[in-house]
Amino acid sequence: MKCKPIAALGAAAGLVVALLSTPAGAQPSAGRAEISEMSEMAAEEDAAPADRAPEAAAKEDLETRVQALRQQLTAAQDGETRYRVYSELISAYARGARIPESLKVRDDLLEDASISPGRRSLAASSLAVSYALIGDYPKSQRAVQRAKQLAKDTPAEEYEKLNSDPSYTFLQAEAEIARRATGRHDIALSKTRERSELAWANFNDPALSPKRHQAAANELLNNVQVHVLLLVQNNRREEALSYIRGIQQRVATRPDLYATPYQLASLNTALAIALCSHDDYDAALAAVDAGIAGYLKAGAQEHEVALGVSRRLRLMIALAMGRIGDYQDDADRLQRARAANVVLNGSFAGVEADSLFMASRGQWADASDRVGVVVASNLKRRGSDNAFYKYQVAMQMLYQLNDPAAPVSEAAMARFVSRLASTGDDWVDANYRGSYVEDGALAKILDTLLPGSGQAPSPSAAALAFRVAELLRTSASQGALADGAARLAASDPKLRDLVEQEQQLRFEESTSRRAFNVATDRLERLAKQEKVDEKQQKRREAEQAEKQKSFAASTARLVELRRQIAAAFPVYRELISPSIPSAATLGAALRPGEAYVNFYAGPQSAYAFVVQPGGGLQALRIATSRAEARKAIAALRAPFDAGRPPEKDNDLAGFDLAASHAVYRTWLAPLAQPLRGARTVYIAAGGVLSNVPWNVLVTQPATKLDQASWWIGQATPVLMPSASSLMLARGHGPSRAKLPFTAFADPSFDGRDTPAAAPATSRVVRQNALPVEPGLRPALDYRRIRPLPETMDEVQAIGNALGADAASVLRGTSASRSQVMRQNLVDTRVVAFATHGLLPGEVPGMPKAGLAMSYEGQGLADSVLTIDDIVGLRLDADMVLLSACNTGYASGAAGDSMAALLRGFFASGARTLMATQWAVESQSAKDLTVQTFRTLAQDPALGKAQALAASQREMSAGKFGALYRHPYFWAPYFLAGDGAR
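The working numbering puts the first residue of the sequence shown at 3, with every later residue one more than the last.
By construction, these hints were calculated from the structure, which means they are not laboratory data. This one's a predicted model, so the numbers in the text were calculated from it and none came from an experiment. Keep in mind that a hint or two might mislead.
Unchecked claim - Using 30 Å as the maximum straight-line C-alpha spacing, the simulated DSBU-like pairs for lysine-lysine come out as follows:
id, residue 1, residue 2
1, 551, 540
2, 633, 650
3, 163, 213
4, 154, 141
5, 533, 496
6, 633, 551
7, 213, 154
8, 382, 650
9, 141, 551
10, 299, 213
11, 141, 549
12, 141, 382
13, 150, 106
14, 533, 549
15, 163, 106
16, 150, 213
Stated by the list, open to error - Listed next, with one range per pair, are the computed distances between beta-carbon atoms:
id, residue 1, residue 2, range
17, 257, 407, 12 to 22 Å
18, 807, 260, 52 to 62 Å
19, 704, 632, 38 to 48 Å
20, 426, 260, 50 to 60 Å
21, 760, 627, 45 to 55 Å
Heads up, the beta-carbon is just placed ideally off N, CA and C, and yes, glycines get one too.
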């Protein structure tokens with residue numbers, strides 16, 4: 003069965019569709035959720051012919067109808083009547099596809115003083131988007147300004163009558179103009195954030211009426227889906243997942259939000275969007291399934307926008323998972339819904355839905371050709387950095403990869419990857435990403451390049467696969483660093499000037515691209531005419547040539563400026579668009595006895611890449627799946643995550659040596675040959691592999707601790723976020739810092755000044771910041787974060803070992819964020835933060851990873867040292883110690899947030915970091931860290947990685963007592979960064 007494409011939208015429908023971004027929960031049947039007046043007018047203006055009987059529509063004389071309405075408008079005196087007639091007149095013109103007249107009437111409405119300012123403000127916001135969509139930006143901006151002014155003029159009593167707050171709608175209009183018309187997803191996100199924050203503030207404002215409170219609640223909840231989508235499109239995936247889970251937590255703990263069934267369903271769809279961006283399509287499918295089930299249970303009809311959008315998302319997820327053939331019913335229903343509802347038909351590119359239908363039938367070539375129409379258009383008009391282009395070209399790549407009749411060439415896969423991955427001077431805008439299937443396409447490319455048939459891949463296939471694996475690692479934590487990069491730029495006048503120039507050149511390139519496209523379109527239209535005036539033809543050709551030259555020149559200037567920025571400010575480049583090094587480049591930076599390994603656990607298979615000194619690259623397929631890896635790692639970590647160390651000698655205390663060997667056998671044993679001779683192994687592993695404690699793996703089966711052959715007896719694992727991070731950490735020169743040590747320990751999380759606790763007389767296990775409980779947590783009370791008095795013993799002992807004085811340790815209220823920001827740390831060789839790490843997903847309201855410091859009045863808002871703060875620290879540290887920054891639960895999204903935290907410290911000037919991967923026992927932690935620093939002091943050439951490994955081997959061998967032979971005591975610390983320093 004061949005797909006019959008749905009007819010393209012007419013001018014009227016296409017004009018209004020993007021303007022009508024009514025949130026998914028805003029359905030007439032949703033009870034408390036109401037459609038905004040702006041959207042009501044837009045829907046009426048663009049009503050589908052199916053809404054009226056075809057025979058009645060055919061009989062209607064448009065001119066007669068228009069004249070009658072204009073007579074009514076002339077006769078009407080009161081604002082209510084005139085508003086109704088304006089609406090009918092606008093609708094009549096739109097039904098007749100007479101868009102210029104429709105726009106003129108809408109302009110007239112704005113100037114009609116008999117109509118209330120609130121209604122005119124809503125209409126102005128609607129009109130602003132319409133003008134933007136036809137390319138009339140001056141009129142669009144004037145309409146937005148008019149909407150803002152009219153919103154200010156709206157009296158308080160009118161707000162009680164309106165279905166929407168004008169302040170919300172002009173922000174919505176600004177966001178839609180930025181997102182759809184100018185491709186500025188960053189501005190769209192800023193406006194959407196402002197809208198959500200205004201709604202939440204209004205909801206909590208006791209001075210407002212119950213009606214205004216409910217309107218604010220609806221605005222907040224109805225805005226969630228587009229808010230999450232924009233976070234993802236701005237590559238802020240951790241923040242997206244944190245935001246939707248925070249909203250779900252609010253709904254669960256604030257019954258006065260009165261979330262409707264439609265709104266609850268839309269939250270599940272929003273969650274699915276966030277999970278797609280984390281390469282977690284299994285969880286995304288479960289979430290969108292729940293969303294669709296929620297809509298159907300609430301009585302949603304097949305043609306409704308919210309249900310159709312969710313079905314489209316489910317088809318996207320199924321495509322990424324290789325299961326789209328199982329969802330033919332969704333494809334059928336989506337096509338029927340598009341035919342019945344012009345608003346749904348215009349909510350996304352129609353050729354996308356057509357291509358999904360074709361793919362569900364296995365018509366891969368047709369699907370690729372169909373979506374290729376919009377891919378080519380967006381590449382031409384928006385460029386390869388555009389978020390829409392990125393997910394659409396990923397759809398096309400998946401269609402091609404799934405087509406058994408036409409295998410994709412390696413060159414085609416390389417072209418696709420090059421549009422997403424920065425290398426050398428090729429600077430891809432990593433601030434933007436698509437929304438749905440990029441990670442699925444990249445995983446499928448790995449599967450294609452490394453089929454696992456027993457035959458080694460070609461060198462070029464291995465190199466491309468390595469680039470893909472590195473792209474998956476860098477992009478996972480990229481968005482969390484954008485604000486830190488901006489802060490870094492603001493702090494350096496020279497960099498700030500270059501960044502401002504780069505932003506201006508980006509705007510100029512976008513403008514010149516648009517002008518070139520307009521000139522090209524004019525020339526193409528002229529060529530289609532039967533008779534062409536030769537002089538006009540030459541003018542059009544000259545115009546196109548001039549615009550093309552201008553476009554090429556602006557692109558060249560942008561490329562050159564970015565090259566200058568990367569050369570002068572490599573840290574900034576790493577933060578905003580990290581360059582993925584080739585195996586040869588990375589191998590040149592590796593020292594003898596080192597190796598670099600990138601692991602990726604895919605849905606069905608896993609992959610490993612080993613880079614050796616000199617640039618040798620081995621690419622292997624590993625016979626395991628993501629689900630199997632998750633299960634094995636959970637079994638390995640169980641005794642450590644329980645936080646209950648053994649109390650007697652030789653007690654395994656739940657530690658499963660069989661699980662330890664199983665993880666080794668799966669992931670490291672296949673690499674025995676390429677890792678031969680490597681004493682330090684840098685490991686980049688994300689997702690479910692983020693929290694593997696590599697140092698507790700055993701190379702041979704064992705049943706007792708004294709039989710264990712620990713892998714660290716052969717090699718020392720050092721964790722890295724990515725190869726580019728290793729290059730950055732290794733690029734720092736020797737530290738010139740003179741002070742040995744500065745520590746921030748035992749912060750006062752309740753803000754009270756209390757004396758330091760006496761040294762512990764019994765073993766103490768450092769607890770996590772919050773109890774680890776299933777389900778949603780209530781909002782965090784920062785002052786109830788668990789204190790860490792026992793950390794003082796450790797940092798004081800380290801300070802003594804390094805020869806530091808007592809003043810080098812700041813505790814209590816002095817261990818604050820503001821103190822860290824004030825402190826001159828550039829002259830300190832070792833900086834310690836003995837405090838909790840807070841990661842998104844673990845703590846409600848945490849959009850990014852950070853360190854919990856002393857309470858300064860507002861909790862999360864002012865008391866956490868965030869990634870943005872960390873990037874701005876001026877460090878020249880050989881080591882940063884994160885003691886009690888437990889990452890035991892940092893798997894998946896949170897694990898990628900931990901990678902972002904590490905990248906932030908490398909960017910600030912740290913060469914290596916030592917952090918904990920579960921709640922440590924304080925005495926053994928003190929013994930281990932002190933011994934590590936003593937070993938390093940005795941033999942600086944040994945390097946930090948080998949110094950830590952030597953201390954761990956000594957403790958595991960019983961040097962510190964038989965009890966401490968258990969890995970709970972000797973293995974909690976891991977090293978990240980340049981282990982050879």
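Numbered hints the structure breaks, given as an ascending list: 5, 6, 8, 17 and 19
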